[in-house]
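There are 2 protein chains.
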Amino acid sequence: MSEHIKTRHFLVETIDVDIGRSLVLMNELDAEELGLGANCRVKLIRGDRSRTGIVGITKTVVPRGKILVSPDIAFSLKLTNGEEIGVRPLPMPPSMSALRKRFRGERLSQDELFSLIKDVVEGVYGEAEIAAFIVSQLYYELSEDELYYLIRAMVETGSKIAFEDTVYDEHSIGGVPGNSKVALIAVPTIAAAGLLIPKTSSRAITSPAGTADTMEVLARVDFTAEELKEIAKKVRATLAWGGKLNLAPADDIFVNIERKLGVDPWHQMVASILAKKVAMDVNNLVIDIPVGRKAKVHKMEEADQLAGIFIRQAAKLGMRIKVAVTYGGQPIGLTAGPALEAKEALQTMINRKGRRSLVDKALFIAGLVLELSGKVPPGRGYEVARDIFTSGRTYEKFKQMVEAQEGDPNIKPEDIELGQHQATIESPLEGAVTYIDNAVINMIARAAGAPFDKGAGVYLHAKVGTRVNRGDPLMTIYSNSASRLEEALNIANTYPAIVVEGMLIKVLP
Amino acid sequence: MSEHIKTRHFLVETIDVDIGRSLVLMNELDAEELGLGANCRVKLIRGDRSRTGIVGITKTVVPRGKILVSPDIAFSLKLTNGEEIGVRPLPMPPSMSALRKRFRGERLSQDELFSLIKDVVEGVYGEAEIAAFIVSQLYYELSEDELYYLIRAMVETGSKIAFEDTVYDEHSIGGVPGNSKVALIAVPTIAAAGLLIPKTSSRAITSPAGTADTMEVLARVDFTAEELKEIAKKVRATLAWGGKLNLAPADDIFVNIERKLGVDPWHQMVASILAKKVAMDVNNLVIDIPVGRKAKVHKMEEADQLAGIFIRQAAKLGMRIKVAVTYGGQPIGLTAGPALEAKEALQTMINRKGRRSLVDKALFIAGLVLELSGKVPPGRGYEVARDIFTSGRTYEKFKQMVEAQEGDPNIKPEDIELGQHQATIESPLEGAVTYIDNAVINMIARAAGAPFDKGAGVYLHAKVGTRVNRGDPLMTIYSNSASRLEEALNIANTYPAIVVEGMLIKVLP
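Line order of the protein sequences matches chains A and B.
As numbered in the working numbering, residues 1 to 509 make up the first sequence, in order.
As numbered in the working numbering, residues 1 to 509 make up the second sequence, in order.
Same chains, same label: a pair holds when it works inside one copy or across any pair of copies.
With a Cα cut of at most 30 Å, we get these calculated DSSO-like pairs of lysine-lysine:
hint: 1; residue 1: K78; residue 2: K59
hint: 2; residue 1: K101; residue 2: K294
hint: 3; residue 1: K294; residue 2: K6
hint: 4; residue 1: K59; residue 2: K43
Hints were generated in silico from the structure; no laboratory data involved.
Because the structure is a prediction, the values reported are computed rather than measured.
Using the sequences plus the hints, can you model the full thing?
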């Protein structure tokens, strides 16, 4: 049907406005003539390129015959101001019938999933349809076949980067504060062993720091695909931000909605992770699943199930994989927040020792990657990784990486600037730390300004099992904003982040 | 927590732009300072009033210290240009925890549903969250208690109109082409019997004509609450559009998203209908459920289930109700589209006879309303309604209604303007009409321009059971736009709307 709907032509101009969607602002009378209201979808056509926009209506801002478009549209259609483009109402996205099929719990074919994801990436859908796709998964899980098709579709609708050598990678599903710095130690260890590991990662979504945020304290992280390949050629490793590379762009769209809804269906998470890896040409992967109260996975059996999904999909994708289930019951190391974590990682590499939760985790994961390569026999990876780390080769490789990413390789831990405002929480009694709440630590660090304020975050003076006296410091909060520090303190005083218990719990009358 | 988030003040100006949400356009640097990105929610505060807006970001359109707001915000906060208002980030809607509870399939309390609906009406949620609430209902139906709380919440978050006399009403769940004109006959019949029936209805959502669209061909339909009461006082009946009355405004928000997703959960539909009725002070209601292939309800057992939901909720709400399950296997009468239907209804009332599918249906429903009133003994409603109709009192009352609603009471059917372009589809063979596809008739009439183009629609020359010769007209399509007519014709030629079958189906070699 849509073939018979009329296309009208308009003079275009870019409007510097970001409303989180592709905006086409048009005069009320033009809109009426095309049968369009606010929020309607239109197809924008320029030569043989086309894309979708969402209509906004105005009486006065735009005269008849003209439209204003947001910069993303101008960019993808390569428009210059004053050019003419075609606008055509788009009544029903081609993949809508597939979406409705999913609502009814019916299985989607490879073609249906591809057309759905294509429409998602092309901006054909608004938030409602994307949210509906995600929420439907809470009730009808994707089948393993559907998940595979979803991953393929997410890869095919984005860019890919090819490397000449075999590509290794490691990835944590996250959820535990302080985890972003693990990769800063694991990746150079792996590269020091001679493997190619061009790691890209996202910025923090709900945590106080993502690996890209933390690395950014020490070096540049936003590179084009060409630059990334150049760096990888030179030093065999990167710690970069994937945001500019257009790898599986559907993922960013899904993540944005998942965050709003506070839901994160497993199959969707597996798809997001593996699609980005396939797009980065990864063929050997170690996945880290932290398990613990207030981590993303709470129980061992759940971790096994999730690991099973990863393993089966990797097999379908022709990717070699190992899944590490790790302890996620409290934060990793002593720090949460970009600068604090960068400092702890750097210090740990320079000193060739540090908190076991950090060093052991990084080296276990690096070891598994080494075992995948076949260069190290099964069961001996950790040992080899530890040798690399204690011999100083991890730090040497890390310095090369920082330099290749345009940072100062000789930066000292004490040179790293932390938030200029600080406040310390003290223990209210004598006893031992029995519990640290990951979710509250995350909340405090984010309230203090992390990850946007790189100096913001939390330093833990004590971890589970540490004996403390009354008045001993439990944690210090850092922020560059006095009012944000106050906000973070308020949360810390409301929710117990670090639980100290003495032997005597209570006295009855 | 949100209590500790800073409020900043900005000079405000209205921007004449409708993007289907409440827009707050601010400078990139101001947004960054407040930790806001595109699509983030903010609370806008002016004196003791406040409401929610969605952030848009610009580098150049708005200078620092200033914000542009869409007209709906300016209206509800009574803002004048150049005034100062407070802007505060709104990280997490208060009812988000209730929404997440629903995702997990847990039951919501009355307070939780109220806070959820309040946030929906106040614009706190974007499409994603509202879609998620609706889609969750496809998998976990609302309980009867939850449905009751939802209805109450939808009523309480809108305006109410009180009448001095007992209020009657009738309402069809819709879905069958040509149904909009039934009320044009039923309502004056009911009012002619002395009952008060101030009917308000919506415009067409997915059909080619809603009752408000059809009545608008003959009279004004957009009245304020005061005007509506005045008209009801004078002539005991209205056929008005409810859109300006702010009755259960959550409904409009839900319907908009349901339409996008092409889903319509039963409980949500019952809530929408009954909430509007409670807000209109209705205490005696007849609900029409058309059943048929390509109607909203396909099977008798489904109709029974749906009727049960209506009946139990009405009991909880203290409303007397009867549910009519009616034949919805083909269009009602011969017409679909505002002007065509207005013409058919007018002609039917003047002639005191017409198509049985129209006259019988209108009078059965009117009869049930009369029975509810107690003025007519059970089982005799139809007979009394028919007397009113054949005596001409229905038409007399309708003329009074048209006059009270500022139309011309003496308008003749032939005065009603139909679309100036027409095309007729002929029967390809000799035989009988065995099937008319409601969905295709709707598609054709909408493609022709209905309901916005009032003259657009479909006239049926034959209905199921009619014998036709080859070349006999089956239907005529009307439109005021030649290109839209072509589009509609194309659909008519692609999908069989009217199926004619002869005795000989096929000859094998």
